[in-house]
Amino acid sequence: MNVSLMIMSGVDDGLLLSYSAQDDGRLTHSEWILTIGRRDESDVCLRNDTFISRDHARLHWRDDQWSLEDCDSKNGTYIEGGDDDVRVSGTVMLEPEQLFRIGRTWLRLQPHG
Amino acid sequence: MTAIPLRDVLIHARQESFRMRHFYLGVEHLFIALLEIQGGLTANILEDHGLTPDYVIDAVRRKSGKGGKHRLWAGIPNTPRCDIVLGIANDLALEQGRTDIDERDLLRAILEEGESMPVRVVTRLGLDAEAFAQEARTRTIHDARTPSYLKVAFGAEFDTDDALEDDALFILRRMFHGYDQIRVERRLSGGHTGALILLITPIHADSREDAAVVVKIDKADTILDEARRYEAHVKNTLPPLTARVEDKPTAPETSELAGIRYTFVSSDGAPRDLGSAARLWRASELGAWLKSELYPTFGKTWWMQRRPFQFQVWTEYDALLPSILTLEWVEGDELPPNSVVIKDPIKRSRVQQLEYGDLVVIENFTVQKVMPDRGEIRLAIGRGTEAARRAYAIDVRGINLSETMFYRGEAVERLIGRVYKTRQDTLKHAASALEPTFDLRAETIPGVASIERLPNPILAYDALLDRTIRGSFSRIHGDLHLGNILVGPNDTPFLIDFAQAREGHPDGLGAAGSEPAQ
Chain S
1 MNVSLMIMSG VDDGLLLSYS AQDDGRLTHS EWILTIGRRD ESDVCLRNDT
51 FISRDHARLH WRDDQWSLED CDSKNGTYIE GGDDDVRVSG TVMLEPEQLF
101 RIGRTWLRLQ PHG
Chain B
1 MTAIPLRDVL IHARQESFRM RHFYLGVEHL FIALLEIQGG LTANILEDHG
51 LTPDYVIDAV RRKSGKGGKH RLWAGIPNTP RCDIVLGIAN DLALEQGRTD
101 IDERDLLRAI LEEGESMPVR VVTRLGLDAE AFAQEARTRT IHDARTPSYL
151 KVAFGAEFDT DDALEDDALF ILRRMFHGYD QIRVERRLSG GHTGALILLI
201 TPIHADSRED AAVVVKIDKA DTILDEARRY EAHVKNTLPP LTARVEDKPT
251 APETSELAGI RYTFVSSDGA PRDLGSAARL WRASELGAWL KSELYPTFGK
301 TWWMQRRPFQ FQVWTEYDAL LPSILTLEWV EGDELPPNSV VIKDPIKRSR
351 VQQLEYGDLV VIENFTVQKV MPDRGEIRLA IGRGTEAARR AYAIDVRGIN
401 LSETMFYRGE AVERLIGRVY KTRQDTLKHA ASALEPTFDL RAETIPGVAS
451 IERLPNPILA YDALLDRTIR GSFSRIHGDL HLGNILVGPN DTPFLIDFAQ
501 AREGHPDGLG AAGSEPAQ
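Taken in sequence, the protein lines are chains S and B.
Position 91 of the first sequence, counted from 1, bears residue number 91 in the numbering used here, the numbering being contiguous throughout.
Position 214 of the second sequence, counted from 1, bears residue number 214 in the numbering used here, the numbering being contiguous throughout.
In isolation and in its complexed conformation, chain B is listed as follows (with noise of 0.2 Å):
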């Protein structure tokens, strides 16, 4: 393959303007253009660092905004820098003999140039700008890779009939990329994600085995996210003996999926998840292992650290709750007569209100996913990523995602759709799918052993959500379940999937330390 000419940039550049609304050509647009072409330089010097192109568009992207409804000048300009990269680049390209402006030169110039918003954004992913310069002068470029072989065999506890897919097994060839052959020793139950976590032995060449490690398969932006958060909240307390995050993750560009590596300092013997350690033992070794072993390993730097901590329930807990509201996107932005708006901030007894069909109109919403196969996606209240613990999301449905383009991180003012489905709805359905033996629209429903009759929860919890509570604060996990905690040799505990690792409440309702506020 040989490298792209700059008119071939220029259109996938003139087109990022477009959908983008900004109707000029800037750098950003250039390098969002570099990025988009499979198998091209940049993409591929940014895989090698862990960096998917998907994932550093919308950082891009995030950092200029979309532009406004009108359009101030005719024509596409150039922006002054963007005339100085062009020139750079041109200058670059006559120094090799050539009169046409190549990829390679294109993005040697926004290097040099150093000053545009995109090179910004890839700094502060972590990506050094000299070893990017140097890497955009040296490396070759050539067809779409085909990673050296390597054997994948599978151990005699991983159940053959469950098949590794072969987008999982592509990662685990990149992510190994080195050795002569892994052997998948078992599945460890995931959690309610739907991640892929696998025990796997690396093997050398010379029939060598490497300490196992755990390895964590999901789609590309929550890795992605995870190793952001594994550095924020969790790199610096953990204890001395467990589970670690060493390389970045491993994220090729021509996968939806991207995969993460845990490897354990203690080397001798594999470790297994609780719910399988569990079935061996008696409740009584259970409760003392997590009394003696779990607790005081990492309680001390993660939920023993409490500060007193008061606050409204949904703050911490709405995010756990299915969307709000449900929508059929309506497009334009005109305000309709009639309709809903919603708002910060959020009033869920008039949400709860809305009837199928009622026109709404939501603002200042952050968007938190895109789903584009479904053509669906999840917006949040507020701004930015963490936009509010992702409190309230919203879910809006029927989009045509290649006309109307949104990005994760995308702030949206306004957006306008008919009412699909409430939470209220949602939950219903869920309860009524269970096939209950009891009436669901009663105040109460059975209780257990000791108490005869329990609050109705899909009546009750609303009300909760406004309840203020006051508990404590601590850095928390934040998805703990049998699947991810593991049980290794000596029994020592280890922790894995950081994917929901950050600041907050770390007990149940109810729990020591919580007690609703006067």
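Okay, chain S solo, but in the shape it has when bound (with noise of 0.2 Å):
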């Protein structure tokens, strides 16, 4: 299992990470689980934008689904919607190419990860 992730804003904007199950974030048997932060440990580790926490959110993989969590980020996790961005309580669904926003940082599931 491989996924990549667009950075889509911001001075690293056009950047793609990719990342593999085998040696990326925490699988159980049930679910793969990346973290995204400010944070060196992060799996997702984006020290370009002030506005994301050390422990900001992170993705899971589980039942052939993406779903995104808010880990009480200050400056919140968004999704973008029709005319204003949406802020993420909790966990929510991603589709892939849904835009979600970490801090000031927008990102990009890639289709065919």
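Just so you know, these hints were derived from the structure itself, not from any lab.
In the DSSO-like style, the derived pairs of lysine-lysine whose C-alpha atoms are separated by at most 30 Å in a straight line are:
no., chain 1, residue 1, chain 2, residue 2
1, B, K421, B, K347
2, S, K74, B, K66
3, B, K343, B, K369
4, S, K74, B, K369
5, B, K151, B, K219
6, B, K343, S, K74
7, B, K421, B, K369
8, B, K291, B, K235
9, B, K343, B, K69
10, B, K69, B, K369
11, B, K219, B, K421
12, S, K74, B, K347
13, B, K248, B, K235
14, S, K74, B, K69
15, B, K369, B, K235
Starting from the two chains in their separate frames, assemble the complex, guided by the hints.
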């Protein structure tokens, strides 16, 4: 199992980050978790955005579906909505190609990760 | 005019990056720089699609947001996507046998790459990316365009003492491009917003007259917002015979104003506003018309769509009051000692106790309006362009906006100011200006025919805002008055001016269906 994340804004706009279940994150019998934050140990480590918390959010792969969890981050996790961005509280389902924002940084799950 | 070279675009792009405290060069900065070129290719194309450069620039800025206080790296690095775009632009230039990239190469490259935030933003504003790319490839670049000459005549009912300003004429010439002439029949009474509303007959070169249309001219942002509200709330709810917004708004980049055109399905005879019609009617006729024409025509899909709705009065009605506070801007964002912090949820009682000169810190507001000529911005609580229905507005004055940039829809984490006046001051001042013959400080004021005394609204309104009301929820026009209800041929009712259309509480306090909740 592999997945790629594309950074869609900020100084790293256009950068592609790739992860595999074997080497990255935490894999249990039921799910694969990737942590997102400014902390060096974060699986998806985003240092160039001061609006990102040390432990900001988590991606879950469970039952063939991605979901996004906000870890009580200071500046919030958002899903791109119609007019306004929608703040994530708790966990929400994530569709491939859906844009989501961690602090000020927009990210996208690549369709064919 | 020749195409602007890349090096000039880069100067603007870097400035934009600094203003936004980004300190990198991204595709969003390149795109905004392209839009800032007066009469440039990019602005030109967007304008033909009814979008002003300023509107698009603010939408792009909202998407990326201002950067933080601290620079994390030296210099201004290019983003990976920016490098890709510049690479494509370079190829495009070479294909044309040039070594220097120009504005067209850059725009085409941005559209070809296709994944950047600005492209996403313009697509979401309704622009077709493929059509955009096609125009970017083929459109000629020329000087600020001279619209073809359109004759403007005035009908007998137009008050020539109250002439139209050049800005408004410019919008009309652009809007009726292709006609030979227009006749401005008369002004319709505008709302309190100060919009210009005109009844206009377009005339072809062979003297054939088209059906009269109603044109509203106002600040570009207001018009573009209205077009969006019309799409979202109004379009699919109108009765078959009524005023419709058929075209994109006319919003030239060189004007602060824009126009929108309402066309009428029924064509013979020109509509007049209800204010003028009512003057010719007896009171009973007016009542009968409201009851048998206006209400049945619009009620079904509008205010009769009632769903139970319990709400606190302020959520729906605070926005109608003057701003809760006006501050004099203080530069910097370090929290000063002894300052009052204002953030969600707002405690009005605390705000009302503030006095002139008090230091105030406001947190997590959204910029609703930027008034560059007055050095003033208006903020509302919350996030997004609809920020809590614009309740609890705060005005901040004394900002040097050429040095410190604010953009509409910007989320402001923290801003410091000194109290200049409170809402209570504003209301008292406005009431005194009316020179009342009674004491404004008294608990009650003289009443009307059957009620001797009434509660003094200046003292009573605040407590009312905290009441919980059990009412209803439906689609509402939001700014209904005698000027934007029109009476057409055969006394058909029309509505225009959808700038405040939304879903909300449709009836006044005390009207049928509203009662204080326990």
